[in-house]
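Single-letter residue listing:
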Amino acid sequence: MTAATSLAALLLLAGCDLTRKIPLLAGVPDASVLRVYSTIQYPDVRRPWLKKQPFNREGLGTIIADGRILVTADMAAHTTCINLETPDKKMHSTASVEAMDEECNLAVLRPSDPDILKDRRALPLDGALPAGTTLKVLQLEANGSPALSSATITTAALGSYPAGNSYLIYRTTTTIPQRDGSFEIPALHNDKLAGLVMHYDPRAQSAEVIPSPLIQRFLTESSKRGFKGLARAGIIWAPLRGTTLREWFGLTKEQGGVAISPDRKGPAEKAGLRKGDVILTLAGKTIDAEGNYEDPVLGKTCFGNLVSMGSSPGDRIDVGYFRPDGRGHGSTGTATLTLEGKSPETEISPSMLEGENIPHAFFGGLLFEELSRPFLREWGNNWPSEAPQNLVALDVFQNEETSDRRRYVILSGLLPSEETVGAERLTNHVVEKINGIPIRCLGDVAEARKHPAGGFHRIDLDGGGSIFLESSTLDSEEERLKSRFGISSSQSPYPPASFTP
Amino acid sequence: MRFIGIIHLLLTLAWIPCILAKPPSAESSSARSPFPAFAASVVRIEVTDQTPDYRSPWNAGHVSGGIGSGFILDIPGRGKRIVTNAHVVSNARFITVTREGVSHPFRAEVEFIGHDCDLAMVAVQDQTFFEGTLPLTLGGIPPLESAVSVYGYPLGGERISVTRGIVSRIDSELYTHSGVDSHLAIQIDAAINPGNSGGPVLQDGKVVGVAFQGYSGDVAQNVGFMIPTPVIKRFLQDLSKGRYTGYTDLSIAIAPLLSPTARKALGVPVDNAGVLVTDVHEKGSSNGFIHKDDVLLAIDGHPIACDGRVDLDGESVDMTEVVERKFEGEKVHFDVLRGGQRISVEFPLQGTWPFRMQSTSYDTAPRYLLYGGLLFQPLDRNLMDAIGNGDLRVRRTFDEFVERHLYLKKEEYVVLSRILPDPANADCDGLRSGIVDTINGMSIRSLDDAAAAFAQPSKYDVIMLEGIGLPIVLKRADVLSANPRIMKNYGIASDRRL
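Quick mapping for you: the protein sequence lines, in order, are chains A and B. Position one of the first sequence corresponds to residue 1 (this note's numbering), numbered consecutively onward. Position one of the second sequence corresponds to residue 1 (this note's numbering), numbered consecutively onward.
Take the hints with a grain of salt, since some may be wrong.
[To be verified] Pairs of lysine-lysine residues, derived as DSBU-like cross-links and limited to a Cα-Cα distance of at most 35 Å, are as follows: (1) Lys-450/A to Lys-292/B; (2) Lys-264/B to Lys-450/A; (3) Lys-433/A to Lys-264/B; (4) Lys-275/A to Lys-264/B; (5) Lys-488/B to Lys-275/A; (6) Lys-433/A to Lys-459/B; (7) Lys-292/B to Lys-482/A; (8) Lys-253/A to Lys-459/B; (9) Lys-285/A to Lys-459/B; (10) Lys-482/A to Lys-264/B; (11) Lys-253/A to Lys-410/B; (12) Lys-410/B to Lys-265/A.
Hints listed in this document are in silico derivations from the structure and should not be mistaken for laboratory results.
Sequences are here, hints too, so could you generate the full structure?
Encoded structure:
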């Protein structure tokens, strides 16, 4: 310790970069990484016929088994071009996205030129690591030499991922210098991959790391046919701390358990669980009042891990529950959940968009889109208070929707014309009916378009507003307006509903 | 249209007069006032008010002072009275008035107040106050671009001030005092400042308006508003029966028919005419008489243009202006296009419930119930202003109370607005606010319901909030022993005002 301190002092006096002089691992870590240059272009949710300005993101990809490169999904989603480069910048190759899951923020790339992996070494994945473990965060100097910074895991617990899902995260304290233009970099432990840094906060000196067990689960699941994300039970839960509440329920302190609310049409609801049920056990593990079970490595950890990291979609998992009767008693039971991947039909306002095209439909000069979280995010980080509040409420309370609608179709914009004058005030309202036909998803618009009455189309919106369009000129008017506003009509005006009923 | 930045003109900085003004001296009367005779009829009103505290509704509220203006009218059957803005004398605890030519303040009392039109009538017991004053008379609507003079006591000065400007615009405007009422208002470009509120705007020696609100300088320049005489006359006529009733409302939602295609599709027989009824409120005047999808063609014989305006006394005004000038029980007549047929309907007008829940209320003490440290309050605008924008469900219920016809479900929504921490409610940590659905199995439709539910014998108190699957459970024995402790610890004199 004393020697290390004096060495550091000496190096500082010499004006050297401290991080470079940390003793290297047994292997050569830079042999396992490539520089990744991604050009990213998001679709424009508010003008779905356009794409937003492209931008570049740099990071390090980690070489894993079978000639694949592991990166965060931030480096792969909505990319128009991905370039790989060896640390010494001597070899280049383009790459394609082989597998991706934006929810757990992971992606696998495949180089178009396998030669770029010559003399490179695949990095094995480490197992779960408890808090207190020190990792090495790997960066590259401009000349290609590795630069390592220490990062100590302070907590290994469930946390929020960029798409809004909750999975295991290693929260670490570390100081990472600005290099490579980003903090999309790997974290190593004992010459193995411990995780990928997905967020670094220079002020708090802390980094969030996607842990290797989650990466392992992603690699396993994404290699299967029909991969639709990691397993989920479809449960929102709340800790059950109150002693009076437990007493009223007839639960003992030792019994633990958390109160749940099942997602609409999700696995828990299908298995018969109800809002207000208390989950006591899951997959044989006892769950405490804070929602934790005892993990052999991680210690007390949220039961969500047992689902997302410990199971596959399709797995059947037993849930022991207590159902309060509302009169101070209740009964226990067991439900068997069949876990599912992401199932868009359970979301009326999807949390993310599938693919590069934003489903939309022109109807004369009217533009219809389906409400989604990305649509609301267009109002910025403060969208819960900045976006139209009627839409925010529909998104937030979508589990309480009682109608049979599959999506909220909204009038998201209009191309002004004599026919739509005055309709601006109806934008961002939900389309209830077109020509008397209920609009339950964007696909219904095409059918409704075939049934004008008395020479007019009638569009009814929630709140009572209506728009009338001449049916005989609808198509020509649509073409005229699209041409006036420079909107390419190459896209099919009615994309098929994003799933089958 | 957004009204952010609109300011009430009531001056709340009561210290300003102390700095600016010297007491009127004897010599000031010898120097002849440069103002015309009616200047003596413009009154300076000094108010001590007390604003209720909806966060801590058991408290009496914050006491502050302010200065506004007013003017003397001769009210038939009552005598000389002072007319001012409601917002000048709202929540008043003590009022004094002075004017040019009197040497001391006179005690005054609010006789009538109309919060929906921001007007009030103030009486002075000591009639010597009015000696030598010439009551002002009300004129009509001044034409656009005609010159007007604003009289009053802006910025707390002791001497009368006058500014001049022209009539810039005549239109329906939101009256910010209640926050929901829109009436005719006249925009002028004369300088109007805090303290001008309630002062008369004169033209040719007659009152043509009462200065009442404006934009702060960082929003718009030289934009002030006055309440025009149709609104003042309606106020005076309403209270002539001995009490102020307020405005009536059609309780419908309408959409202009600006699009020619829409008018054609609906078969509107007259060019550029008609508005579409998009909603009818079940408890309002029009219920049963006007239907959704009706096209309204004329109101009391005045043709309705497709933008919803009618010609009234030579001015193009919103069609609701016709209703604005009527009183409860008076009838309104519509020419309606329904299912292609032109028909006539006539019905009596009623008050503006349920919209009142969304308007700011004054001169009432907040209602509440405190139980085991849990504070329950009825959902209304004052509460929303106090608790801010925290809970989306509470906010949505407030915002969409009328639009989604929530008033049909419950007359009053009870909000758990605050929890005063105590061992008896230690289980509730993490909870902030929510709308009460049931208490001990009883559906809660008013604050009285909540009090009644807690009065029933029970071992536990079980409170369900809307949209939350988990109840709040309190032990009755704990609550009963906690109530006196909570009131003592938090300095609360009474646990309820129902």
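Requested in this report: Verify the proposed pairing of Lys-488/B with Lys-275/A, using a straight-line Cα cut of 35 Å.
Outcome: 38 Å, violated
Requested in this report: Below or equal to 35 Å on CA atoms is what counts here, so check Lys-264/B against Lys-450/A.
Outcome: Status holds; Cα separation ~20 Å.
Requested in this report: With a cut-off of 35 Å on the C-alpha distance, tell me whether Lys-433/A and Lys-459/B pass.
Outcome: 50 Å, violated
Query raised in the report: Given the hinted pair Lys-292/B and Lys-482/A, is their alpha-carbon gap at most 35 Å?
Result: 33 Å, holds
Report task. Compare the distance between the alpha carbons of Lys-253/A and Lys-459/B with 35 Å, and conclude whether the hinted pair is satisfied. Result -> 20 Å, holds
**Report entry** Straight-line alpha-carbon gap Lys-285/A to Lys-459/B, limit 35 Å
**Finding:** Satisfied, since the Cα-Cα distance of roughly 34 Å is no more than 35 Å.
Report task. Starting from Lys-275/A, check that the Cα of Lys-264/B is at most 35 Å away, please. Result -> 50 Å, violated
Query raised in the report: For the pair supplied as a hint, Lys-410/B and Lys-265/A, is the alpha-carbon distance within the 35 Å limit?
Result: 30 Å, holds
Query - Given pair status - Lys-264/B, Lys-433/A, alpha carbons within 35 Å - result: 20 Å, holds
Report task. Measure nothing beyond the straight line between the CA atoms of Lys-450/A and Lys-292/B; if it is 35 Å or shorter, mark the hint as holding. Result -> Measuring from Cα to Cα gives roughly 25 Å; hence the hint holds.
Query raised in the report: Does the alpha-carbon distance linking Lys-253/A and Lys-410/B stay inside the 35 Å limit?
Result: 38 Å, violated
Query - Restraint check for Lys-482/A with Lys-264/B, where alpha carbons must lie at most 35 Å apart - result: Holds. Lys-482/A to Lys-264/B sits at ~24 Å (cutoff 35 Å).
Of the numbered hints listed earlier, those contradicted by the structure are 4, 5, 6, 11.
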